[in-house]
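Asks: Chains C and S, in that order, give the protein sequences.
Under numbering that gives the first Met the number 0, the first residue of the first sequence is numbered 0, with each subsequent residue one higher.
Under numbering that gives the first Met the number 0, the first residue of the second sequence is numbered 0, with each subsequent residue one higher.
These are computed hints drawn from the structure, not numbers from a lab.
Remember, predicted model here, so these are calculated numbers, not experimental data.
Treat the hints loosely; a few may be bogus.
Sample of chain S residues facing chain C (criterion: CB under 10 Å; computed from the structure) [to be verified]:
| # | residue |
| --- | --- |
| 1 | Q29 |
| 2 | L55 |
| 3 | N99 |
| 4 | R187 |
| 5 | T229 |
| 6 | Q232 |
| 7 | K243 |
| 8 | V255 |
| 9 | V258 |
| 10 | P261 |
| 11 | R351 |
| 12 | R363 |
| 13 | I364 |
The beta carbon of each residue, even a glycine, is placed where N, CA and C say it ideally should be.
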Amino acid sequence: MPDRGAVIYRYDGSFAGFLSVVFTSFEKKEQPVQIMSRDQIQTVLFPIKEIETDKEKASRVRAGIRSRMSENGWQKVRLGFDTCHPEKELLLLRFIRLGMRLGKRVCWMLADDTVAELENALKHLTGEAHQYKGFVRFSEAGGVLAAVIEPKNRVLPLLAPHFSDRYANEAFLIFDKTNREMLLYRPHRYVIIPVENYELPLPGTEERLFRSLWKSYYETIGIKERENPRCRMGHMQKRYWKHLTEMDPDVPPRIDGQDGLPTDGHKLKDRIQLTDTADSSL
Amino acid sequence: MDLFDKLQILADSAKYDAACTSSGVDRSSQGGALGNAVACGICHSFASDGRCISLLKVLMSNACIYNCKYCINRASNDVPRATFSPRELADLTISFYRRNYIEGLFLSSGIIKNPDYTCEKMIETLRILREEYRFAGYIHAKAIPGADSLLLNRLGQLADRMSVNIELPSQQSLALLAPNKTKEAILRPMGFIRERIQENTSDLVQYRHAPRFAPAGQSTQMIVGATQDTDYQILKLSAALYRKYGLKRVFYSAYVPVVSSPELPALDTKPPLLREHRLYQADWLLRFYGFEAGELLDEQHQSFNPLVDPKCNWALNHMELFPVEVNKAPLEMLLRVPGIGVKSAHRIVTARRNGTLDFAGLKRIGVVLKRAQYFILCRGKTAEGLKITPDAVMRSLISDRCRAMLPEQAEQLSLFQTAITREDVTKCLTGEL
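Construct the entire structure; sequences and hints are all you get.
Replies: The following block contains the structure:
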């Protein structure tokens, strides 16, 4: 590739914007030394080229990658953009260049530096998303289930189909504090929107009861003779603890004088019957 | 009775059941239902002992009429007793599930009144969940030995997975410790479940909407270290169960002394965690690596080597097959290399389609070379700078985890030299490479 002097690309941070970046890089036969999004504020040494997001160019890039690098290759690019790799744009651009040259076999070249780096980033993303399928903790307030997470990668797009299917008749939201966006679901549609900040509402009596019951269960189920904090830490890293009900020091493992359960399940039954007949359009 | 006490008693009694997997069935929430199931299973938390928490694991009741000596809930033991009502347990499950605390319910029970009555209570709980609340999450139900087959059939239609615990791996141990149970009483429901699963498969071919019977299959559990049964006996039994009963999983539970009895290990005995770990490793070798029980242990070698994992032990006894060339070896052989797991083996096969691999390439695709390096060649060469000194080899082949479990640091080296009797490891390795 001819070196025309170092240049930095700046784009709006969206996926379509990134594909426009790829388009420009191929069109101008130019390799940027850095690709940054507009919300990054930093002083730079090289001239900056502003890349406008162009839907037309983006869809041409998408079609090109799909036909040349196979559907599998395209999925890696799409998912790769949600990883927390610090230079994901440059990495993906390198991957796409390699793929456009070599075709779909780029997907098996696991021992290649670029491919291995992308594979690791993807593994981190999908692994974290899988863990969050278990580690998301909802609180109920006013019939809505709400949760806050602090992932490293952008996991909401991977969590959305899972939770939308699991709680098909519920209304729920998950706030991603790291990426400042929120997954909102009402039967039967979800959206992911940017949200600056969100705090869980204070728990009501019923919510406090179930939190405590869960914590009590959690503390009972561990076998003392087999205590193994390192093993636990390996499976459930400390960074998750902050938003896990069972690890929250403010949740008491017992509430006295609790003879029975509030009739949570019955309400659920009513809701199921309601939504069965209700118009499901949002 | 206070709800917290009840939950605590019934969870405490269920915690020695090792099975907590929520795997084996993929199901979307069918219109209007709550919940789904994911084939790979999902862990929702990890307890202080490091074990995964996936299901709400409780007993229906711990008011048991049986008097099995190893069991904390035996009739003659003086412990607080509690029983859930089906409605109460179903509501608790739903409330936990909606908050994403759990993947579903694991329901077992002590025997209240008689096996049929107990089974009916469990069925009622599952019926409320499945039919009233239209719960499509995961349910694991214990088949109650001695219950009527019609009841077991109903239970299996409501649950995803069923299990019957063998607990004690031989007839003699059963007679000694669980006088109310016999081998036949345990194997009968297991055989019944197997047949129903088979029949169900043929029903499904004919009628697509035939009710599914235990779609995630059946599993069992054996206690390790309560009796004199050896690793070889246990592993042989597992292999037979996988083969004859089509089990999905056999779980091993290191015996934690909870009651004192002259027939049982003393109360201060530590649970044999390393033995349990070795059994799980061997179990994986049977299910995913193409090993036979007879290759890992035999009549002369009844116990696992405490120092190295079963695969490594096998490899050290078959050094004539090593080293293998990673660029040529078939998948089955890659799977037999110590330190190479199923994922790594598949990655190697994928990556080498594109050109030969060297050691740096192996590292890049995520293969851990610590143990594997002694057993493989890349392009005909061993790893550069590979030191084959007794100390280095031992350090690499014995896992940190295992070293931590060993009683004495100082004993290690001397033990190692006597443990592998057939061949002197280092001599063998230097001779081969």
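Asks: Honestly, which of those hints from before does the structure not fit?
Replies: Failing hints, ascending: 4, 5, 6, 7, 9, 10.
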